[in-house]
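Here the structure of chain D is known, so what remains is to put chain P in place on it, guided by the hints.
Residue numbers (our numbering), protein chains in the order written: chain D, 1 to 270; chain P, 1 to 270.
The hints are simulated quantities; they were obtained by calculation from the structure and are not laboratory data.
Please note that a few of the clues may not be correct.
[Unchecked claim] Straight line, CA to CA, 27 Å or less: simulated DSS-like cross-link-like pairs of lysine-lysine:
| hint | chain 1 | residue 1 | chain 2 | residue 2 |
| --- | --- | --- | --- | --- |
| 1 | D | Lys13 | D | Lys250 |
| 2 | D | Lys30 | P | Lys167 |
| 3 | D | Lys144 | P | Lys167 |
| 4 | P | Lys30 | D | Lys167 |
There are 2 protein chains.
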Amino acid sequence: VHSSLTTYKPMHKEQSYWASINSDIETHLKMSIPIRSPLSVYEPMHHLTLSAPRSMAPALCIAACEVVGGHGHQAIDAAAAVHLMQTAAYTHENLILLDQQKPNLAAHHSYDTNIQLLMGDTILPFAYELLASSDDSTGNNSHKILRVIIELSQAMGTQGMIDGQYKKMQRIGSDDRLIYQVCKKMEGELYSCGAACGAILGGGSDNEIKKLRRYGLYVGLIHGMMLRGIGLGRVKEIKALALKELHYFKNQNIEAITSLVDARLFRSSS
Amino acid sequence: VHSSLTTYKPMHKEQSYWASINSDIETHLKMSIPIRSPLSVYEPMHHLTLSAPRSMAPALCIAACEVVGGHGHQAIDAAAAVHLMQTAAYTHENLILLDQQKPNLAAHHSYDTNIQLLMGDTILPFAYELLASSDDSTGNNSHKILRVIIELSQAMGTQGMIDGQYKKMQRIGSDDRLIYQVCKKMEGELYSCGAACGAILGGGSDNEIKKLRRYGLYVGLIHGMMLRGIGLGRVKEIKALALKELHYFKNQNIEAITSLVDARLFRSSS
Numbered sequence: 001v002h003s004s005l006t007t008y009k010p011m012h013k014e015q016s017y018w019a020s021i022n023s024d025i026e027t028h029l030k031m032s033i034p035i036r037s038p039l040s041v042y043e044p045m046h047h048l049t050l051s052a053p054r055s056m057a058p059a060l061c062i063a064a065c066e067v068v069g070g071h072g073h074q075a076i077d078a079a080a081a082v083h084l085m086q087t088a089a090y091t092h093e094n095l096i097l098l099d100q101q102k103p104n105l106a107a108h109h110s111y112d113t114n115i116q117l118l119m120g121d122t123i124l125p126f127a128y129e130l131l132a133s134s135d136d137s138t139g140n141n142s143h144k145i146l147r148v149i150i151e152l153s154q155a156m157g158t159q160g161m162i163d164g165q166y167k168k169m170q171r172i173g174s175d176d177r178l179i180y181q182v183c184k185k186m187e188g189e190l191y192s193c194g195a196a197c198g199a200i201l202g203g204g205s206d207n208e209i210k211k212l213r214r215y216g217l218y219v220g221l222i223h224g225m226m227l228r229g230i231g232l233g234r235v236k237e238i239k240a241l242a243l244k245e246l247h248y249f250k251n252q253n254i255e256a257i258t259s260l261v262d263a264r265l266f267r268s269s270s
Numbered sequence: 001v002h003s004s005l006t007t008y009k010p011m012h013k014e015q016s017y018w019a020s021i022n023s024d025i026e027t028h029l030k031m032s033i034p035i036r037s038p039l040s041v042y043e044p045m046h047h048l049t050l051s052a053p054r055s056m057a058p059a060l061c062i063a064a065c066e067v068v069g070g071h072g073h074q075a076i077d078a079a080a081a082v083h084l085m086q087t088a089a090y091t092h093e094n095l096i097l098l099d100q101q102k103p104n105l106a107a108h109h110s111y112d113t114n115i116q117l118l119m120g121d122t123i124l125p126f127a128y129e130l131l132a133s134s135d136d137s138t139g140n141n142s143h144k145i146l147r148v149i150i151e152l153s154q155a156m157g158t159q160g161m162i163d164g165q166y167k168k169m170q171r172i173g174s175d176d177r178l179i180y181q182v183c184k185k186m187e188g189e190l191y192s193c194g195a196a197c198g199a200i201l202g203g204g205s206d207n208e209i210k211k212l213r214r215y216g217l218y219v220g221l222i223h224g225m226m227l228r229g230i231g232l233g234r235v236k237e238i239k240a241l242a243l244k245e246l247h248y249f250k251n252q253n254i255e256a257i258t259s260l261v262d263a264r265l266f267r268s269s270s
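Looking at chain D on its own, in the form it has when it is part of the complex (with noise of 0.2 Å):
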């Protein structure tokens, strides 16, 4: 889609196009979000979502929508309600955090552990909110958008990030085994409900579904893997796991969403 450079041509190349889809992402949010009245509710909502940190799930959300045939800009309210939903667990999270006595280095605000608490619970209705909104008056879209809802929710709840952040705070045992849960729980889920978001909502058979969101928990787990840096040794094993679900999509134009598993992209991208 974008412009080249003689060096790292094609990396360079799927890094515009994660870049633009980052970047259009970003633009939904802030325009979804105005800082309005009541400004204590409003700017501190504003400003968690836009410094909460990133992943590539969202983009993922809009990428497996054009890998079925839909257009990007169909997936958008649920690309900015994936980016929500984990700015909501990783708001909450700090507090598990604060509560250990392990205060987070990473958090770019000094917002009060109640104000977080609210905020939390303000940014998970209001990404569903968002989402519901996007249904047009036909409603011809209903169904689509309810399907996505569920999964979102699968992704947050008991058997996704939720389980995940009990397995971190209970500690049970800190090897690389109960990292790589946590990861699979966590980015994983994250990525995989991204992935299947956009499949859904592109008009993507329940085949395509399947190996999108397989796909999407894979590259999930290798960008939360990165991300904590274990397991690196088995990296390689789940990349070739991931690209096998991508042959399904042989005929398509898959060359971007490839692009996913590729660690300089995860880390220039992140």
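For chain P alone, coordinates are given in the frame of chain D:
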């Protein structure tokens, strides 16, 4: 309407109506949140949901559905979701209270703060999942369910309960006027949402939804004020406003729903 005080008979009839609805909602909640693996997640989720303070907002959801000609079972998932939303808000509000070193004596459990934090975060997505999953295979109901999801999100969010919790937390004054605002934002929005959701799912017209939404707001306000024992001098006036909204339904069976403004009923049912 039923001012006859000699025997309490009519009141008994309506109390039975509400008790029966509340029992259906309780059964539905128990079935929807089985105690299963992982127990560390499901056990507190089940327990907190069933031990959280009740309001009449979920029952109002069912009753509103019936007033506009629907069947109560069409609104049972929405009614359960209203209770789950309230549970999530209550669970996190306890954390704010703890933080301010005002132990909440009403809490019927001894979960630590991290579990309470994660539980609120689990219950909320679960409520949305329950609702979104209630879509039938034909998808005929999808658009209505999305409307209900928007209603619930708004009742929870920046214009609803979160705003109420902010007001409460910041203690901008502690006079009756503040508490009145808190009642409006918390019980008021919750009941209002319950009534609107029931009316939407029962197939009510825009006007019916509007009237029942307002009726819910006034009833919630009255129940909130009675709960906190403030502004009792204004109850009569608000009751009149509530009943005025029901004039619109004068040809329908509104005996039961009308009884919700009654103080005795509130006390015996909550």
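Now the hints, each set against the structure:
Using a Cα cut-off of 27 Å, the hinted pair lysine 13 of chain D and lysine 250 of chain D holds, with the two alpha carbons roughly 20 Å apart. At most 27 Å may separate the alpha-carbon atoms for a hinted pair to count; lysine 30 of chain D and lysine 167 of chain P meet this at roughly 25 Å. At most 27 Å may separate the alpha-carbon atoms for a hinted pair to count; lysine 144 of chain D and lysine 167 of chain P exceed this at roughly 37 Å. Distance check on the hinted pair: lysine 30 of chain P and lysine 167 of chain D sit about 25 Å apart at the alpha-carbon level, within 27 Å; holds.
Hint 3 alone, counting from the list given before, is not met by this structure.
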